[in-house]
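Heads up: the sequence lines are chains A and V, in that order. Heads up: the first sequence begins at 1 in my numbering, then just goes up one per residue. Heads up: the second sequence begins at 1001 in my numbering, then just goes up one per residue.
Hints are computed from structural coordinates only; laboratory data are not their basis. One thing to keep in mind: the hints can contain errors.
Said to hold, decoys possible - Distance ranges between label pairs, derived from CB positions:
(1) A:115 x V:1380: 37 to 47 angstroms
(2) A:104 x V:1385: 29 to 39 angstroms
(3) A:115 x V:1109: 19 to 29 angstroms
(4) V:1271 x A:109: 38 to 48 angstroms
(5) A:110 x V:1179: 31 to 41 angstroms
(6) A:109 x V:1130: 44 to 54 angstroms
(7) V:1430 x A:53: 54 to 64 angstroms
(8) V:1243 x A:271: 39 to 49 angstroms
(9) A:115 x V:1243: 50 to 60 angstroms
(10) V:1438 x A:169: 50 to 60 angstroms
(11) A:104 x V:1392: 50 to 60 angstroms
(12) A:136 x V:1098: 43 to 53 angstroms
(13) A:53 x V:1438: 24 to 34 angstroms
(14) A:32 x V:1279: 34 to 44 angstroms
What the hints assert, rightly or not - Residues of chain V clear of chain A, computed beta-carbon distances all greater than 10 angstroms:
(15) 1051
(16) 1089
(17) 1131
(18) 1154
(19) 1206
(20) 1313
(21) 1414
What the hints assert, rightly or not - With the Cβ distance kept under 7 angstroms, some of the chain V side facing chain A (calculated, not the full set):
(22) 1108
(23) 1246
(24) 1248
(25) 1272
(26) 1274
(27) 1316
(28) 1413
(29) 1417
(30) 1425
(31) 1430
(32) 1448
In this text, a Cβ means the ideal position worked out from N, Cα and C, and glycines have one as well.
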Amino acid sequence: MVRKNRGYITLFLLPTVALFILVYAVSLVILFGTSFTEWSAGRSPKFIGLTNYIQLFTDDADFRQSALNTGIWVVLQSTIHVAIGTIFAIILSMKEFYWKFARTVYMFPNIISGAAVGMLFLCMLNPDFGAVNSIARLFGNADFSQNWFMDYATAFFSVTMTWLPYAAVVTILILAEIAAIPESLYESARIDGASTLKINLYIVIPMLRNIIGTCVILSGTSMLQKMDIILMTTGGGPGNETMNLPIYIYKTALMDNNFGYSNSVGVFLIGFGLIFVLLCRNLFRIGSSQH
Amino acid sequence: MRKSLYKAGCTLAGMLMLTMSITACGSENSTENSGAAETAGSGNTAPAAKAPVKISYLTFRVGTHASAKMEEEQIKQFNAKYGDEVEVVVEEIPSDAAYVDKIKILAASGDVPDVVMGKDGINDVLIKGNLATPFNEYLDKDPEWKAAIGEDALASNTRDGKIWSISDQKQNIGYFYNKEMFEQAGIKPAETWDEFMSSNEKLKAAGFVPLALMTGENAWTSNLILAAMIGTNGDNGKSFMNTLHPTDFNTPEMIQALNMMKELLEKYTTKDALGAGYANAANAFSQGKAAMIANGPWMIGDFSDPTKSSEGFDKKVGVAAYPNNSLISTYEVGYMIGAKTPETREAAETFIRFKTGLEGQKIALEYGNVMPVSNEIQPSDALKQKYPIIVESITVAQKTQLHYRTLDSIVYPNVTDAWKNLYPKLVAGRATAEEIAKELTEITGKNK
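So that you can see chain A by itself, here it is in the shape it has in the complex (with noise of 0.2 angstroms):
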């Protein structure tokens, strides 16, 4: 079938591949290619070598500080956003009184802008009219005035609190996973006399192993991308202390006007996101059969 039908397959295919090739593909060369020069804006790029990666990796604290940041922030979006998107997914699934209700709230997090969460967050957490620590003031303490954002105790967590929780494209994924699985096997197991949580963890989670490998690659990758909520809460500080390498490779090319080394870690960011989505693939042994 596939071979008889091959001619249309690449017809169809030619415009994908050339729109990849013309966007990403080139894209990628020149940004692997401009990460061993020397470029700022307006001038040319001059060849230096292993410059840029050799004080990427060995003379640049804030590159670190960015890489490590965005590792822990990988880390929890890989596995708390996703156990919490899981949960919820599983307790949805259930059906139970005001499901619909709850799963319209859990959503709208999800369907305002990053810039406007942003917002909504800096308001909700500002020390002095915020409603988190007008709250806390009402609750005795009158002097109460955290600045959440700007506190290096608390910078970290907060800026993570924005994102977090609010894992609702993850549960509408494992929704659908839960809603293919055929109610034999429910009913099978129910007439053997297992209990709702012992269906869920040794038949449904089981059988949600193929899409939960793929939200944590989802969730694990967005966070290689995550910018525009820090930028708006705290800009990457106080100090680095909430700096990832997105707003580090915007901050050495636009402000520091140095494209070369900005794509030198371009190129790590890069390098990083293929080894995670590889290792997901072989942990989860996603595509191979998971009945």
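Please build the complex by placing chain V on the supplied structure of chain A, with the hints as guidance.
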């Protein structure tokens, strides 16, 4: 086989129809064009009207921006006067930062708009990248325009004898204060920095927050005070604050000023100053939560704007110079020509000449409370009546003797960007003033 032939037939037919549609669209234009050509060449001797030259112009002065009205009016009046010759294709950018980023990215690919605002390091990028055209010849051809800009403003944007941009405004920046709060605290605008610090203490004792500061974005209102502290600290401080792209921040004046700023941020400002943006600081002052804010005359309109200030607030506001009878006085970088062809360069120059000439400056003053670069432009009676504090600002500026520039106008953009992370570090005690000064020096060294 038949099915496969049918599929192939359908696909081909579809592609043919698509191709024909595209060709038809094109041919419609062609017909139109050729029709025009035929008319032109078929005995109709009337000269065809020359189409206006299109120039691209990106602006961040849109929406709620303080200068949005000014920009709109300038473009409107330009179109009324030169619309037959030049068509300005305006692209609106939602913020100053987004504008700067976009121009730098465009500059990286060598493709900048025809008219460019050279702010925040853009002028450097364009000059180094050979992407701008100097104004020398244009100005020599038009002495009136040259006079309207003035020698000082031109000199501030001249490098190696080439005038790269035309300044559209002079920034005279002191600070605004709440007269009621000052009265209740028993103080008047300070004449020395010691008095300034003691006034803060008196305001605090009277139950007021003395200063509306902010360290987010470009730390604008905080850095104006920092600049004043450095600029008034002897000849070295004044020299530092008048040097383009200082490379060494390890100076006693900078360290002393940083220590004073630390004290201000710790004791005399709003709780949200660390990390706050300009809007937070502006609100704090306009809503009567803070007694002082450092800022320029463009803020004057906000004091009587009911959406930003309480009714009658403008009557409570006074304007003052910084201690040591000093004022921030700097020329904006203004506009540059990024156009590539002679035709678009001429058109870009026409647009810039209008915006920065006497007409443009008058509009800027009347609609944006922007101080003109020419002494010929004076506020109208209507403006004086509407905003009496404008007159007060001009008087204060005329009385001051010591002048220095803003930090933003002298340092590289990466230094401007660093403040938002360095101030919290300083206040949290993670770095001393000396260490911050060292970091600033390192950051400026990273600039390419």
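Given residue 1413 of chain V was flagged as interface, is its beta-carbon under 7 angstroms from a beta-carbon of chain A? holds (5 angstroms)
Given a hinted range of 50 to 60 angstroms, is it respected by the beta-carbon distance of residue 115 of chain A and residue 1243 of chain V? violated (37 angstroms)
Hey, does residue 1154 of chain V actually stay past 10 angstroms from chain A on C-beta? Check passes; 23 angstroms lies beyond 10 angstroms.
How does the Cβ-Cβ distance of residue 110 of chain A and residue 1179 of chain V compare with 31 to 41 angstroms: does it lie in that range? violated (49 angstroms)
Restraint outcome when residue 1108 of chain V is required to lie within 7 angstroms of chain A by C-beta distance: Status holds, d = 4 angstroms.
At the C-beta level, are residue 104 of chain A and residue 1392 of chain V separated by a distance inside 50 to 60 angstroms? holds (56 angstroms)
Minimum Cβ separation between residue 1131 of chain V and chain A greater than 10 angstroms? The claim is violated: residue 1131 of chain V sits with its nearest Cβ about 5 angstroms from chain A, within 10 angstroms.
Holds or violated: is there a CB of chain A closer than 7 angstroms to the CB of residue 1425 of chain V? Constraint on residue 1425 of chain V satisfied, holds at 4 angstroms.
For the range 54 to 64 angstroms, tell me whether the beta carbons of residue 1430 of chain V and residue 53 of chain A fit it or not. Distance hint for residue 1430 of chain V, residue 53 of chain A is violated at roughly 29 angstroms.
With respect to the beta-carbon atoms only, verify the hint that residue 53 of chain A and residue 1438 of chain V lie 24 to 34 angstroms apart. holds (26 angstroms)
Can you let me know if the beta-carbon spacing of residue 1243 of chain V and residue 271 of chain A is within 39 to 49 angstroms? This hint holds: roughly 42 angstroms between Cβ atoms.
Measuring from beta carbon to beta carbon, are residue 115 of chain A and residue 1109 of chain V in 19 to 29 angstroms? Roughly 26 angstroms apart at Cβ, these two residues keep to the hinted range, so it holds.
In this structure, the earlier hints numbered 2, 4, 5, 7, 9, 10, 12, 17, 21, 23, 24, 27 are contradicted, and the remaining ones agree with it.
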